[in-house]
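Asks: Sequence:
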Amino acid sequence: MASYLSPAAWRLDPAPSTLAPAHLRGYTNADMDPVPPEGRKWTTLSYIAYWISDATNAAVWELASSMLALGLSWRQAVPAIAVGHIIIAVIMVLNGTVGARLHIPFPVLNRSSFGFWLSYFSVVSRVILSMFWFGIQTYTGSECVYQMLKAIWPSLARLPNHLPENAHITTAGMMCYFLYWLIQFPLMFVSPQRIRWLFVLKAIIVPPTWLAMLIWAFVKVPTSSNAGLIADHASLHGASLSWAWLSALNSALGIYATLAVNIPDFTRYAKDERAQYVQLIIIPVVFTFFSFVGIAVTSAGEVLYGATLWDPLTLIDRWDNRAAAFFASFAFVLTTLGTNISANSLCAGNDMTALAPRWINIRRGQIICAIIGGWALAPWEILASATGFLSFMNGYTVFLGPIAGIMVADYWIIHRSNVDVPAMYDPHGRYRYTGGVNWRALVALICSVPPNLPGLIHSITPSIPVGGAIYVFDVAYLFGFFVASGVYILLSLSFPAHETMLAAPILDLDDAKAYASQHDDAYAQRYEYDNDEKSATDEGVRHRSSAEKEKEPYDVRVEPASA
Numbered sequence: 011m012a013s014y015l016s017p018a019a020w021r022l023d024p025a026p027s028t029l030a031p032a033h034l035r036g037y038t039n040a041d042m043d044p045v046p047p048e049g050r051k052w053t054t055l056s057y058i059a060y061w062i063s064d065a066t067n068a069a070v071w072e073l074a075s076s077m078l079a080l081g082l083s084w085r086q087a088v089p090a091i092a093v094g095h096i097i098i099a100v101i102m103v104l105n106g107t108v109g110a111r112l113h114i115p116f117p118v119l120n121r122s123s124f125g126f127w128l129s130y131f132s133v134v135s136r137v138i139l140s141m142f143w144f145g146i147q148t149y150t151g152s153e154c155v156y157q158m159l160k161a162i163w164p165s166l167a168r169l170p171n172h173l174p175e176n177a178h179i180t181t182a183g184m185m186c187y188f189l190y191w192l193i194q195f196p197l198m199f200v201s202p203q204r205i206r207w208l209f210v211l212k213a214i215i216v217p218p219t220w221l222a223m224l225i226w227a228f229v230k231v232p233t234s235s236n237a238g239l240i241a242d243h244a245s246l247h248g249a250s251l252s253w254a255w256l257s258a259l260n261s262a263l264g265i266y267a268t269l270a271v272n273i274p275d276f277t278r279y280a281k282d283e284r285a286q287y288v289q290l291i292i293i294p295v296v297f298t299f300f301s302f303v304g305i306a307v308t309s310a311g312e313v314l315y316g317a318t319l320w321d322p323l324t325l326i327d328r329w330d331n332r333a334a335a336f337f338a339s340f341a342f343v344l345t346t347l348g349t350n351i352s353a354n355s356l357c358a359g360n361d362m363t364a365l366a367p368r369w370i371n372i373r374r375g376q377i378i379c380a381i382i383g384g385w386a387l388a389p390w391e392i393l394a395s396a397t398g399f400l401s402f403m404n405g406y407t408v409f410l411g412p413i414a415g416i417m418v419a420d421y422w423i424i425h426r427s428n429v430d431v432p433a434m435y436d437p438h439g440r441y442r443y444t445g446g447v448n449w450r451a452l453v454a455l456i457c458s459v460p461p462n463l464p465g466l467i468h469s470i471t472p473s474i475p476v477g478g479a480i481y482v483f484d485v486a487y488l489f490g491f492f493v494a495s496g497v498y499i500l501l502s503l504s505f506p507a508h509e510t511m512l513a514a515p516i517l518d519l520d521d522a523k524a525y526a527s528q529h530d531d532a533y534a535q536r537y538e539y540d541n542d543e544k545s546a547t548d549e550g551v552r553h554r555s556s557a558e559k560e561k562e563p564y565d566v567r568v569e570p571a572s573a
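All letters in the sequence shown, in the order written, are residues 11 to 573 by the working numbering.
These aren't lab readings, by the way, just hints derived from the structure by calculation.
Check before you lean on any hint, since a few could be wrong.
In silico SDA-like links for lysine to any residue, alpha-carbon gap of 25 Å or less [what the hints assert, rightly or not]: (1) 51 <-> 282; (2) 230 <-> 319; (3) 523 <-> 46; (4) 230 <-> 330; (5) 230 <-> 332; (6) 281 <-> 100; (7) 281 <-> 520; (8) 230 <-> 315.
Taking CB as the label site, the calculated pair distances span [to be verified]: (9) 211 <-> 248: 41 to 51 Å; (10) 282 <-> 315: 47 to 57 Å; (11) 427 <-> 504: 15 to 25 Å.
Virtual Cβ for every residue (Gly too), placed ideally from N, Cα, C.
Take these sequences, add in the hints, and give me the full structure.
Replies: Listed below in structure tokens is the structure:
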């Protein structure tokens with residue numbers, strides 16, 4: 011017991027498979043290594059199941075339905091959703107292809123464009139977002155659990171509350187929150203390779219539930235009636251309509267702006283590069299369709315109950331059929347569970363490995379996220395009293411658009427896919443740039459982020475006038491993406507970082523040695539160790555036979571180490 015209280019007992023031993031130089035292996039661990047062939051298990055079906063399951067969550071439902079509140083009709087809202095997801099799918103595949111080729115996580119890949127140390131800005135930003143949204147999604151899941159239990163035991167709604175009013179949560183609510191947190195916690199011990207089966211399960215169970223709710227809507231409110239589901243309620247015209255539509259487009263882009271940045275965390279497990287290309291089609295198709303389902307069912311609720319019920323759980327709460335309420339709530343429990351694990355918990359775990367690789371692997375990072383995001387941040391307090399804070403969280407696309415733009419421009423345009431993977435693990439390698447900072451990326455951020463800040467401030471505090479700056483914020487993601495990528499390309503071509511310009515990609519240490527001999531490259535020569543101890547270790551790793559690799563414990567190379 012005493013050994014577990016010692017900090018040394020929690021230190022992770024650097025894996026011999028790391029690409030970092032032997033004396034710098036404290037900057038990495040096994041979870042940050044390129045995924046070996048035996049760990050690449052995600053197929054085309056895996057990505058189809060993942061996006062079908064992610065498209066059927068409460069956030070997508072509420073996003074689509076809330077567009078009607080802007081004054082758009084469903085005929086105007088659905089195209090905004092479709093166009094937004096076509097754009098985000100293209101960005102997702104561009105960044106995802108890099109992960110599928112190099113098999114490295116987002117925190118490592120980001121070093122090639124931002125510099126070894128500036129990349130931590132992106133990583134820390136993603137960790138903070140993940141923790142907050144983990145807590146918020148956990149609270150949403152607890153509301154689903156509440157509806158499930160209330161469908162079985164209606165007396166739950168009358169359970170006496172023993173918590174003070176300023177707690178912003180009831181006894182029943184806290185009970186359901188704790189129960190949901192316990193349900194999702196064991197899933198954090200499932201490896202990224204195996205968690206794909208959760209998405210397959212979601213893809214089988216959840217979409218039929220949404221389709222059943224759509225059928226219910228059409229049966230209850232026939233489209234032929236004057237108050238039909240597809241009746242237009244547009245209240246905007248001219249310039250007001252144009253800006254509202256662009257704002258809706260930006261919202262559609264923003265819902266998965268975070269994942270567009272760190273999609274390599276998932277595509278690194280692809281069996282081959284082609285497996286993830288299906289995202290180009292599946293993302294716009296499923297998100298557009300299920301957004302329409304949300305709009306249609308919300309419209310039915312407005313006709314039947316005389317209120318616009320954007321939250322599907324509020325709609326379910328109005329149902330008299332307890333069995334239907336239970337199964338619908340169960341579907342939302344499952345979809346919220348999968349989304350929270352994939353988009354928040356797993357991403358936070360990946361990112362935290364880069365922040366403290368000596369102490370944190372993916373599994374430990376997920377546990378930290380569950381504790382801080384689930385309890386320390388008290389999401390029920392955030393949802394009860396921090397409307398402005400939520401506006402800020404939603405407005406974080408002002409940072410994510412530029413980050414995505416720089417990543418795309420750097421890999422595809424500036425370096426033309428010729429990057430040095432071992433150098434990404436070396437703080438003194440070719441991606442050190444100037445003191446660990448790629449000043450071109452920094453200037454691109456400075457040019458693209460500040461113009462959106464007045465609009466962000468106004469979204470948090472509407473009483474602060476910002477004039478025409480609000481229109482820039484209405485297209486924050488696209489503005490940030492194209493301005494940042496444009497500035498980055500201009501600066502990189504005008505002031506090229508010659509040490510990062512390669513004639514061919516370097517994927518491993520063998521490639522580095524071959525490249526060094528062919529091109530007399532000083533950075534690649536860094537990996538030709540003279541020290542016998544380092545050479546013996548690294549040569550042993552690089553040149554192990556297939557039989558030796560099969561004997562090696564699988565979780566040393568791929569699975570997160572035990573907490």
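Asks: Sort out which numbered hints this structure fails and list those numbers smallest first.
Replies: none
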